[in-house]
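Undergrad: Here's the letter readout for the chains.
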Amino acid sequence: MQGNTACAEGALAAGCRFFAGYPITPSTEVAEHMAVKLPKTKGVFIQMEDEIASIAAVIGASWTGARAMTATSGPGFSLMMENIGYAAMTETPCVIVNIQRGGPSTGQPTLGAQGDMLQCRFGSHGDYSIIALSPASVQEMFELTVKAFNLSERYRVPTFLMGDEIIGHMRERLTIPDSVEVIGRKKLDPGTMPFKAGGDDIPGFPVFGEGYGVHVTGLTHDERGYPATTNPKAHEKLVMRLVRKVESARKEIADYRVTSPDAEQVFVSYGAPTRTVHQVLHDRPKEEIGHLQLRVVWPFPEFALSEFPEAKSFLVPEMNLGQMAREMERHTDVPVIPIPKLGGELHTPDELVRALEGSR
Amino acid sequence: MSFRDWYRIDRLPTIYCVGCGNGTVINCTLHAVDTLGWKWEETVFVSGIGCSSRAPGYIKTDSLHTTHGRALAFATGIKLARPDLHVVVFTGDGDLAAIGGNHFIHSCRRNVDMTVICMNNWIYGMTGGQGSPTTPRGAITTTTPYGSGEGVFDLSALAVVAGANHVARWTSYHVKELTRAIQTGLETPGFSLIEVLTQCPTAYGRRNKLRDVAETVEYLKDHAILLQKYNRLVQEGKPVPEDMFTVGEFIRRNRPAMGVPP
Ligand SMILES: Cc1ncc(C[n+]2csc(CCOP(=O)(O)OP(=O)(O)O)c2C)c(N)n1
Ligand code: SF4
Numbered sequence: 001m002q003g004n005t006a007c008a009e010g011a012l013a014a015g016c017r018f019f020a021g022y023p024i025t026p027s028t029e030v031a032e033h034m035a036v037k038l039p040k041t042k043g044v045f046i047q048m049e050d051e052i053a054s055i056a057a058v059i060g061a062s063w064t065g066a067r068a069m070t071a072t073s074g075p076g077f078s079l080m081m082e083n084i085g086y087a088a089m090t091e092t093p094c095v096i097v098n099i100q101r102g103g104p105s106t107g108q109p110t111l112g113a114q115g116d117m118l119q120c121r122f123g124s125h126g127d128y129s130i131i132a133l134s135p136a137s138v139q140e141m142f143e144l145t146v147k148a149f150n151l152s153e154r155y156r157v158p159t160f161l162m163g164d165e166i167i168g169h170m171r172e173r174l175t176i177p178d179s180v181e182v183i184g185r186k187k188l189d190p191g192t193m194p195f196k197a198g199g200d201d202i203p204g205f206p207v208f209g210e211g212y213g214v215h216v217t218g219l220t221h222d223e224r225g226y227p228a229t230t231n232p233k234a235h236e237k238l239v240m241r242l243v244r245k246v247e248s249a250r251k252e253i254a255d256y257r258v259t260s261p262d263a264e265q266v267f268v269s270y271g272a273p274t275r276t277v278h279q280v281l282h283d284r285p286k287e288e289i290g291h292l293q294l295r296v297v298w299p300f301p302e303f304a305l306s307e308f309p310e311a312k313s314f315l316v317p318e319m320n321l322g323q324m325a326r327e328m329e330r331h332t333d334v335p336v337i338p339i340p341k342l343g344g345e346l347h348t349p350d351e352l353v354r355a356l357e358g359s360r
Numbered sequence: 361m362s363f364r365d366w367y368r369i370d371r372l373p374t375i376y377c378v379g380c381g382n383g384t385v386i387n388c389t390l391h392a393v394d395t396l397g398w399k400w401e402e403t404v405f406v407s408g409i410g411c412s413s414r415a416p417g418y419i420k421t422d423s424l425h426t427t428h429g430r431a432l433a434f435a436t437g438i439k440l441a442r443p444d445l446h447v448v449v450f451t452g453d454g455d456l457a458a459i460g461g462n463h464f465i466h467s468c469r470r471n472v473d474m475t476v477i478c479m480n481n482w483i484y485g486m487t488g489g490q491g492s493p494t495t496p497r498g499a500i501t502t503t504t505p506y507g508s509g510e511g512v513f514d515l516s517a518l519a520v521v522a523g524a525n526h527v528a529r530w531t532s533y534h535v536k537e538l539t540r541a542i543q544t545g546l547e548t549p550g551f552s553l554i555e556v557l558t559q560c561p562t563a564y565g566r567r568n569k570l571r572d573v574a575e576t577v578e579y580l581k582d583h584a585i586l587l588q589k590y591n592r593l594v595q596e597g598k599p600v601p602e603d604m605f606t607v608g609e610f611i612r613r614n615r616p617a618m619g620v621p622p
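Chains Z and D, in that order, are what the protein sequence lines are.
Residues 1 to 360 in the working numbering are what the first sequence spells out, letter by letter.
Residues 361 to 622 in the working numbering are what the second sequence spells out, letter by letter.
Everything labelled a hint here was simulated from the structure, so no lab data went into it.
What you are looking at is a predicted structure, and each value in this text was computed from that prediction instead of being measured.
This list has only true hints and no planted wrong ones.
No farther apart than 20 Å at their CA atoms in a straight line, the calculated lysine to aspartate or glutamate pairs in the EDC-like style are these: (1) K420(D) - E223(Z); (2) K536(D) - E578(D); (3) K420(D) - D189(Z); (4) K196(Z) - D370(D); (5) K42(Z) - E32(Z); (6) K187(Z) - E402(D); (7) K286(Z) - E264(Z); (8) K569(D) - E602(D); (9) K598(D) - D582(D); (10) K187(Z) - E401(D); (11) K312(Z) - E329(Z); (12) K196(Z) - E236(Z); (13) K399(D) - D365(D); (14) K245(Z) - D222(Z); (15) K42(Z) - D444(D); (16) K251(Z) - E302(Z); (17) K196(Z) - E210(Z); (18) K420(D) - D222(Z); (19) K420(D) - D394(D); (20) K286(Z) - D350(Z); (21) K420(D) - E210(Z); (22) K233(Z) - D201(Z); (23) K399(D) - E210(Z); (24) K312(Z) - E288(Z); (25) K245(Z) - D127(Z); (26) K186(Z) - D200(Z); (27) K536(D) - E547(D).
In silico contact screen, one side only, chain D against chain Z (beta carbon under 7 Å); selected entries: (28) K420; (29) D422; (30) L424; (31) H425; (32) T427; (33) R430; (34) F434; (35) G437.
From the structure, some residues in chain D lie toward chain Z, with a derived Cβ separation under 10 Å: (36) E401; (37) V404; (38) R414; (39) G429; (40) R442.
Ideal placement from N, C-alpha and C gives every residue a C-beta, glycine not left out.
Taking the hints into account, I'd like the entire structure generated from these sequences.
TA: Right, dumping it as structure tokens:
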């Protein structure tokens, strides 16, 4: 099965009932598969007039309690940014799939890249936090899409599946389990203020149409949900909670794979370059080469770096100019060596070996 | 219930300026939903950004106050996911026709089952009086200090050609007609646009010799010409003064619609 189709299958398995999107290479197959499948399962598929409308419709649907998703790539992702901030501010669960292609601008529509890793974290204005996952195989396209829904529902944050053209268009064997774990959003207790959170910083969700009478706004709001735009305390309290509810749960959210924790040279990868790292490890079974594969990229699990106590260098192959390497540098004294690759082709094993040998 | 019971009392008074027409439009809308016996639990108000778009915050139903221009796209998601809910959108001329213009024509084309009430005050009120797609030629705004030289959108005409099932235009003077038109909109399956010409003394009136609210409402009354009368004049080859605008029901039809409850 193709990666993009596996993503759509993952969404369906996770109970996705609503998809709104706008065609864009190399993500379109996700929408096309949802267009075939959703109407057969009493779900809703709609092609909107652009990506701004797509994410808007997804957020609207989510307020009715539906698990909702959109899929896009570079230019469409840029268009979604304002409403992604709205979803963060209003704590609306939703899944945004980005099958990354080469940018900036229209760039390389048919070739893979990982150039949107910082945009997905910081692309909308203001301070907030999100969750992002990055699949490195067709199986992970399925599994991590399911996981994206569960995390989004649990933490009430927009959650990103940051794929790329290579994995999206790759064909591999996919094993679909009989059932997957589905975590729903916690409902608001009647009588509780709609944006008042308990110890976990996550308020219960007041589903539209169930008599909560909730006012939802992207303006700075108090715990009643009422605008409090000129109240400095209310703003600080709200934004700090939006960030804290994700950042303080970094350990629970984290998902990574560790290979050879005693190694001195450690590759750190996510998404497609993971494949090349696997190849290098496979080709050099006698050498001790470490590998950290991040399946959750944001919130960045800095503690994962300490899984390699002997590390003398972290080698970071990315299909961008070192976006996650830059984040890693903040968290470790071990030298971080970016291995950037632009142009749409995956790193070759040789390129990684050269970087490995150069770092010794 | 009376229309008053629909208000979110603890949020009153509104942020609106003295003499603003928006309150009248909210009253008429709540009268209409109340007359139809709708339940507040089953009704959702949606809006974008602007003075007009603050309206849902004063109503006790579930409400989604969204981003500038995008209300119809959010509302489409709500309505398609839960067709059994009533969806009503408040918007302004800038919100609906400038930044939201694309969503506007496509929502009409899809004929999504919702009622959209546009408070057309010819100006960007919230941001202090910049020109909008409905600012009359020659009008003074902060971004057209020498008089607007741009053409003007006829929002109702646009909705008709774009495919809406029901379109009507009234003014803040015509409260009875407006309330009835909104009611018809709420009852009509498919997309309904109710355009309300309404006064903004603060951002528009002040700069355009319509400072006095009573005079402005009088102006709206005097310059409104019933669609039927307009058509008769045209048929008879008689002149219609340039500064008159038509009011009434422009279309009521039954084209296939989306999001209609089963
Ligand atoms: C993307 C974006 N651009 C600009 C603004 C600033 N803004 C807020 S309200 C508004 C205009 C509102 O005018 P209108 O829709 O006519 O509503 P009114 O205030 O007159 O009721 C603008 C430009 C914004 N909030 N978001
Ligand atoms: S600025 Fe104009 S539209 Fe806004 S509240 Fe004041 S009078 Fe009403």
